[in-house]
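Number of protein chains: 2
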Amino acid sequence: MSVVDNFSRREWHKRNGTDSLTPIRGLDERISAWREVSGNEIASYVGAIEDAEFLERVIVETKPEAVIHYGEQASAPFSMASREQAVETQYTNVIGTLNLLFFLRDHAPDCHLVKLGTMGEYGTPNIDIEEGYIEIEHKGRKDTLPFPKLPGSLYHLSKVHDSHNIHFACRIWGLRSTDLNQGVVYGIETDETAQDERLCTRFDYDEWFGTVLNRFCLQAVVGHPLTVYGKGGQTRGFLNIRDTLQCVELAVENPADAGEFRVFNQFTEQFSVSQLAELVQRSAAEVGFEIDIDHVENPRVELEEHYYNPVHTKLLDLGLKPSYLGDELVRSMLKTIERQRERVIDSAIDPRTQWKPASPAGAATS
Amino acid sequence: MSVVDNFSRREWHKRNGTDSLTPIRGLDERISAWREVSGNEIASYVGAIEDAEFLERVIVETKPEAVIHYGEQASAPFSMASREQAVETQYTNVIGTLNLLFFLRDHAPDCHLVKLGTMGEYGTPNIDIEEGYIEIEHKGRKDTLPFPKLPGSLYHLSKVHDSHNIHFACRIWGLRSTDLNQGVVYGIETDETAQDERLCTRFDYDEWFGTVLNRFCLQAVVGHPLTVYGKGGQTRGFLNIRDTLQCVELAVENPADAGEFRVFNQFTEQFSVSQLAELVQRSAAEVGFEIDIDHVENPRVELEEHYYNPVHTKLLDLGLKPSYLGDELVRSMLKTIERQRERVIDSAIDPRTQWKPASPAGAATS
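Going down the list, the protein sequences come from chains A and B. Quick note: the first sequence uses numbering that gives the first Met the number 0, first residue 0, plus one each step. Quick note: the second sequence uses numbering that gives the first Met the number 0, first residue 0, plus one each step.
Because the hints were derived from the structure by calculation, they are not lab data. Beta carbons: idealized from backbone N, C-alpha and C, even for Gly. Worth double-checking, as some hints may not be accurate.
Said to hold, decoys possible - Residues from chain A shown here face chain B by an in silico Cβ test under 7 Å; the list is partial:
(1) Phe101
(2) Asn125
(3) Ile126
(4) His137
(5) Lys138
(6) Pro145
(7) Ile171
(8) Lys355
Unchecked claim - Beta-carbon label-pair distances, calculated as ranges:
(9) A:Leu315 / B:Asn253: 43 to 53 Å
(10) A:Tyr44 / B:Gln353: 29 to 39 Å
(11) A:Arg56 / B:Lys334: 48 to 58 Å
(12) A:Pro22 / B:Arg9: 47 to 57 Å
(13) A:Glu252 / B:Arg9: 49 to 59 Å
Sequences are here, hints too, so could you generate the full structure?
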């Protein structure tokens, strides 16, 4: 078992003056802690997947049976904040993954690539979303084709580009891959991280890397009104961080066939942003936090009321046992956050990144 | 009127030991010749669109009403020949275009971006191909969504990525763009280039940059059997180089609306590779070249027999008057090629780039 990391999330946080709520130990310390609690050894490679020479050495030395690919810039607002960050996102994600595909082809062609995708690739079409492919009947003929994509940010676009590149590598080179089109993750810990505080995983709450439920819980603890963007009718698929790991494990244990590009929609329940705000407000009140819900101007360009009904049966068919969201989990999150209250950086909470800058430089003068 | 060029096609030819059949003059000489024959001045900017500082200066200085974007690596085999060239292709095309979208947003938001796409984005699905979008009825609901893509090379993938990025820029930032999903171009000259030999355009026949009909005509002249890949049932849309310019002109004269990403399928007729080989064989015989048709092992991974029926009415509706392909045009191409016979580099003709390398380095030992 090996891990590849270039600490880019830590770097991006530094750049933005933000940090994980939970203190993240150094990689070596986390690997030692895991060895102590589990007896298992993890080898580490420190470098970037965009660095072809580095990545080729990793694949040649490890000859992996499976690669779990989480090595991408994962924030939509990060990708929308500037041209530089948009380019950084698409370069890191698309070119990094393209490098990986070539090295798997050349050095580990039977390897199963388990790739983190996103439900955000689909956007919010007015029809039911299928898992990766859709049978289309058109003018009397039929074919099953990739589900059309309407991604909502330049980050989500990078994942769409990846999906097309990986699909191609499977079709043409016979590679095997599972794309985990993940919903929005919430939660703080798993059974593994709970064994030793040195193993704790990150809990981001800033406008770039924080996800909505985690952000709402933190806002409740620090007394910040819950920041619902616009009407709050935006509906997405969600899952507990514990379930994400179950899903990855199920994918690895049941690999795709050679030449197959398999797509799983990885979430367990769907909620609107307003529903989540109401859940957090109610749960917080039960433990003594009185908090308002604030409908702030939406910094994103997105539909605030829309149809949403994505299929998500393939992981259930493989045996996924979901942990559903409820008041109890929210209350436990609030308590955990409270213990780290002094680490909260207040300036990181409000949204600043605009999808459509109001007066781009120069445009007013044209 | 300004032109932006970094001479990359010239560089790539040098790298491969190949060249255009027709001698291409330097940019300054071509601009002078155009000034002499037309009285029109073209300003030139020499640099790469991946160079953000350079490209921003171009957009700020020219404040374009329209950008005709041909600035991409355009060869499928080039993109499949190595990891380095795959990365170069997707980097140049995707990041270069992404830079352009940001600078249009910031400095020329009303500009009409006319982008060269390719029919190869669609691949060969088993249903009729529409122009960019398809109305899908699914489980009792309806939506009009981007037509699903099955591109056949890492170059074609870069164009799919571009299409998604540009569509997003139109949806989110309100830019306006027309994507010209062009078929395979044939022909040597236009009314403009015929006015002065210094204006002649390139005629590529090598395995990287040559297109099939041009390659067959050249093969006929030099006595090389016509290289049909596999069965030859591969069917594509084609158009005369004269019609490509008509199409660009029609797009520019009839701009897309603000926020609109419009897709035109830009070809006039469809042929299979075998039909083209037979046409060239017959026309060549009429002018004294006896030539064989050789079904060589297909270096590409593609369907050699398939359904193909793409819609292409939008440019006709705007007034496109096609020049159709026939024996007379082929005979005139053969004569023009014969005049440049001594410039042919014989080693450039046979296909070498394999879509699926037979024994990738290291794979045999795994």
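Status of the hints after comparison with the structure:
no., hint, verdict
1, Phe101, "4 Å, holds"
2, Asn125, "4 Å, holds"
3, Ile126, "4 Å, holds"
4, His137, "4 Å, holds"
5, Lys138, "5 Å, holds"
6, Pro145, "5 Å, holds"
7, Ile171, "5 Å, holds"
8, Lys355, "6 Å, holds"
9, A:Leu315 / B:Asn253: 43 to 53 Å, "50 Å, holds"
10, A:Tyr44 / B:Gln353: 29 to 39 Å, "31 Å, holds"
11, A:Arg56 / B:Lys334: 48 to 58 Å, "55 Å, holds"
12, A:Pro22 / B:Arg9: 47 to 57 Å, "55 Å, holds"
13, A:Glu252 / B:Arg9: 49 to 59 Å, "52 Å, holds"
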